[in-house]
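Going line by line, the protein sequences match chains S and Y.
Under my numbering, the letters of the first sequence match residues 1 to 319, in that order.
Under my numbering, the letters of the second sequence match residues 320 to 536, in that order.
Please note that the accuracy of each hint is not assured.
Computed list of chain Y residues with no C-beta within reach of chain S, every gap over 12 Å [what the hints assert, rightly or not]:
id : residue
1  : V398
2  : G431
3  : F433
4  : P449
5  : L456
6  : R475
Quick list of in silico lysine to aspartate or glutamate cross-link-like pairs, DMTMM-like style, CA-CA up to 25 Å [as the list claims (entries may be wrong)]:
id : chain 1 : residue 1 : chain 2 : residue 2
7  : Y       : K383      : S       : E93
8  : Y       : K500      : S       : D273
9  : S       : K68       : Y       : E508
10 : Y       : K443      : S       : D185
11 : Y       : K503      : S       : D154
12 : Y       : K447      : S       : D318
13 : Y       : K500      : S       : D175
14 : Y       : K503      : S       : D90
15 : Y       : K447      : S       : D175
16 : Y       : K500      : S       : D314
17 : Y       : K503      : S       : D215
18 : Y       : K500      : S       : E261
19 : Y       : K503      : S       : D304
20 : S       : K295      : Y       : D379
21 : Y       : K447      : S       : D59
22 : Y       : K503      : S       : D87
23 : Y       : K500      : S       : D185
24 : Y       : K383      : S       : D175
25 : Y       : K443      : S       : E139
26 : Y       : K383      : S       : D90
27 : Y       : K503      : S       : E261
28 : S       : K295      : Y       : D372
29 : Y       : K503      : S       : E74
30 : Y       : K503      : S       : E247
31 : Y       : K500      : S       : E271
32 : Y       : K443      : S       : D318
33 : Y       : K443      : S       : D273
34 : S       : K295      : Y       : E508
35 : Y       : K503      : S       : E271
36 : Y       : K500      : S       : E169
37 : Y       : K503      : S       : D318
38 : Y       : K503      : S       : E110
39 : Y       : K443      : S       : D314
40 : Y       : K447      : S       : D304
It should be emphasised that the hints constitute simulated quantities derived from the structure, not laboratory data.
Even for Gly, the Cβ is constructed at its ideal location relative to N, Cα and C.
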Amino acid sequence: MLIRKPSDIKPSEITSEAIFLQRRKLLSGAMAGGLLAAGGSMVRAADSAPSAPTLKFKDNAQYSVTEKPNTFEEITHYNNFYEFGTDKTDPAENAGAFKPKPWSVTIAGEAEKTGTFTFEDIIKSHPLEERIYRFLCVEAWSMVIPWVGFPLGDLLKRFGPTSKAKYVEFTTLLDPKQMPGQRSDTLPWPYVEGLRVDEAMHPLAFMVVGLYGRDLPNVDGAPLRTMAPWKYGFKNGKSIVKIRFTETQPRNTWNILAANEYGFYGNVNPEVDHPRWSQATERRIGGSFFGARQKTLMFNGYADQVASLYQGMDLRRDF
Amino acid sequence: MPPSPRRPVDQRYRYLYKPLIFAACLIPFLGCAGGILAISGFARVPGFDLGVDPVRFVLDTLGKTAINMVLITLLVTPVREIAGNANLIRLRRMLGLFGFFYALMHFIVYAGPFQDLSWYAIAKDILKRPFITVGFLAFLLLLPLVITSTNKMMRRLGRRWRTLHRLIYLIAMLAVLHFWKMLKSDYREPLIYACILAVLLGWRVWRRNRTRQALAT
Numbered sequence: 001m002l003i004r005k006p007s008d009i010k011p012s013e014i015t016s017e018a019i020f021l022q023r024r025k026l027l028s029g030a031m032a033g034g035l036l037a038a039g040g041s042m043v044r045a046a047d048s049a050p051s052a053p054t055l056k057f058k059d060n061a062q063y064s065v066t067e068k069p070n071t072f073e074e075i076t077h078y079n080n081f082y083e084f085g086t087d088k089t090d091p092a093e094n095a096g097a098f099k100p101k102p103w104s105v106t107i108a109g110e111a112e113k114t115g116t117f118t119f120e121d122i123i124k125s126h127p128l129e130e131r132i133y134r135f136l137c138v139e140a141w142s143m144v145i146p147w148v149g150f151p152l153g154d155l156l157k158r159f160g161p162t163s164k165a166k167y168v169e170f171t172t173l174l175d176p177k178q179m180p181g182q183r184s185d186t187l188p189w190p191y192v193e194g195l196r197v198d199e200a201m202h203p204l205a206f207m208v209v210g211l212y213g214r215d216l217p218n219v220d221g222a223p224l225r226t227m228a229p230w231k232y233g234f235k236n237g238k239s240i241v242k243i244r245f246t247e248t249q250p251r252n253t254w255n256i257l258a259a260n261e262y263g264f265y266g267n268v269n270p271e272v273d274h275p276r277w278s279q280a281t282e283r284r285i286g287g288s289f290f291g292a293r294q295k296t297l298m299f300n301g302y303a304d305q306v307a308s309l310y311q312g313m314d315l316r317r318d319f
Numbered sequence: 320m321p322p323s324p325r326r327p328v329d330q331r332y333r334y335l336y337k338p339l340i341f342a343a344c345l346i347p348f349l350g351c352a353g354g355i356l357a358i359s360g361f362a363r364v365p366g367f368d369l370g371v372d373p374v375r376f377v378l379d380t381l382g383k384t385a386i387n388m389v390l391i392t393l394l395v396t397p398v399r400e401i402a403g404n405a406n407l408i409r410l411r412r413m414l415g416l417f418g419f420f421y422a423l424m425h426f427i428v429y430a431g432p433f434q435d436l437s438w439y440a441i442a443k444d445i446l447k448r449p450f451i452t453v454g455f456l457a458f459l460l461l462l463p464l465v466i467t468s469t470n471k472m473m474r475r476l477g478r479r480w481r482t483l484h485r486l487i488y489l490i491a492m493l494a495v496l497h498f499w500k501m502l503k504s505d506y507r508e509p510l511i512y513a514c515i516l517a518v519l520l521g522w523r524v525w526r527r528n529r530t531r532q533a534l535a536t
């Protein structure tokens, strides 16, 4: 599957030959050492990873973009996670003491198998893979991120959603002791997000448990979070404690706060502006001080894969 | 009581305090400029770290400094009257001009690094986004104040100068509104600015009423 036409790729976004060869070398070195038995896990360029990967995973090139990923430092020091404060540097400062383990997730609603499951139960039967996805915040800044996880649909199917399950809702942990941002009512807590079931079952929808080959850092939603790369970042639940299948469309937090600015779908769409800023272009984090703005692509560049989900819909109304 | 006009001019203001405050006012600018030079590879200066999103950081720093400068400028008159120190007025023009300087730098960073000099996007922002309209208006309204800030213009305008420069009250309100309306949630920071501004403007209303009462009796 071709995610992006080669002509769209700027030379600056292509991994330099030196790093590419370095990776090949590491990979062939691993093969020579017979370490490939570990599942072909890949070692990243040393400049961007915090240290060697600890998770076992396969590279999923089919679902990965070829753009250069942001560094681990960038991904873990600049993001919105209001549970730890409203500044984009707050999560890095305040999430250090957060305890993502032990963890459990409650499955509820229109499914055959409901109840509370440990984190280990949730992930154990899923082989991990790495996917390099584009990430676009509704504030019009973007990154490229190497997530580790497994298809969200594979997880949801295990609980046997019934014919009444039209939507799936993800609830983030509510714990003001551990999440200092929840001590102020900047958002109606806990954070709730939702997807249509067919969106959640789409092969691109990902349940993330890792970043750069390691356990997902606290700042990015440990221990597990969703990632639908064709949607704005706010559509993804972080530090998920509850997954509920519903018949009616769940309300999502930002929609509750400002329905005119944030819809249920939150699909990336350069033609539909946020009331207070344009969504036609985005600033790629990690670029140079000048010229970091680039055109935003329909469905964040994943239109070929996901546009069919929204056939016949008025994307201006259902934004 | 207004201080006596016969009090001798304190030369320390010209040769010590004013240059010191001038240097202090430049710190945010130098920090941003140093940080940009550092990430552009011109110089490696430790301590000049603009974070993961330097454009946003510089844009926000310059904008907040502009509001700070306008509010400090508005603080001069109350402090001068309450402390009874007439010399403070000699700092006001410089502080006000720094407010304009930072507003200009804020606009330049917005137009340049932030919007990539896309005049279409900038014009659309100014016309369509109320918070940018308000910010741009505050910036434009500073221009007549800057142009009439010289001694010559003060003399030429006479009484009208004071009337014209009352625009700063409106500018300060627009600037705080610009900051407020930009945010998605968590309005604590602009709320603090709004409270400070309310005190500064409220004091002026209170003083005017008091003067009127004094004249009436």
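Structure-based check of each hint:
no., hint, verdict
1, V398, "holds, 31 Å"
2, G431, "violated, 7 Å"
3, F433, "violated, 7 Å"
4, P449, "violated, 8 Å"
5, L456, "holds, 16 Å"
6, R475, "holds, 42 Å"
7, K383(Y) - E93(S), "holds, 22 Å"
8, K500(Y) - D273(S), "holds, 16 Å"
9, K68(S) - E508(Y), "violated, 36 Å"
10, K443(Y) - D185(S), "violated, 33 Å"
11, K503(Y) - D154(S), "violated, 35 Å"
12, K447(Y) - D318(S), "holds, 21 Å"
13, K500(Y) - D175(S), "violated, 29 Å"
14, K503(Y) - D90(S), "holds, 16 Å"
15, K447(Y) - D175(S), "violated, 39 Å"
16, K500(Y) - D314(S), "violated, 28 Å"
17, K503(Y) - D215(S), "violated, 30 Å"
18, K500(Y) - E261(S), "holds, 13 Å"
19, K503(Y) - D304(S), "violated, 31 Å"
20, K295(S) - D379(Y), "holds, 23 Å"
21, K447(Y) - D59(S), "violated, 44 Å"
22, K503(Y) - D87(S), "holds, 11 Å"
23, K500(Y) - D185(S), "holds, 18 Å"
24, K383(Y) - D175(S), "violated, 32 Å"
25, K443(Y) - E139(S), "holds, 17 Å"
26, K383(Y) - D90(S), "holds, 19 Å"
27, K503(Y) - E261(S), "holds, 9 Å"
28, K295(S) - D372(Y), "holds, 18 Å"
29, K503(Y) - E74(S), "holds, 22 Å"
30, K503(Y) - E247(S), "violated, 30 Å"
31, K500(Y) - E271(S), "holds, 23 Å"
32, K443(Y) - D318(S), "holds, 23 Å"
33, K443(Y) - D273(S), "holds, 11 Å"
34, K295(S) - E508(Y), "violated, 32 Å"
35, K503(Y) - E271(S), "holds, 21 Å"
36, K500(Y) - E169(S), "violated, 30 Å"
37, K503(Y) - D318(S), "holds, 20 Å"
38, K503(Y) - E110(S), "violated, 34 Å"
39, K443(Y) - D314(S), "holds, 24 Å"
40, K447(Y) - D304(S), "violated, 31 Å"
Of the hints listed earlier, those the structure fails to meet are numbers 2, 3, 4, 9, 10, 11, 13, 15, 16, 17, 19, 21, 24, 30, 34, 36, 38 and 40, in rising order.
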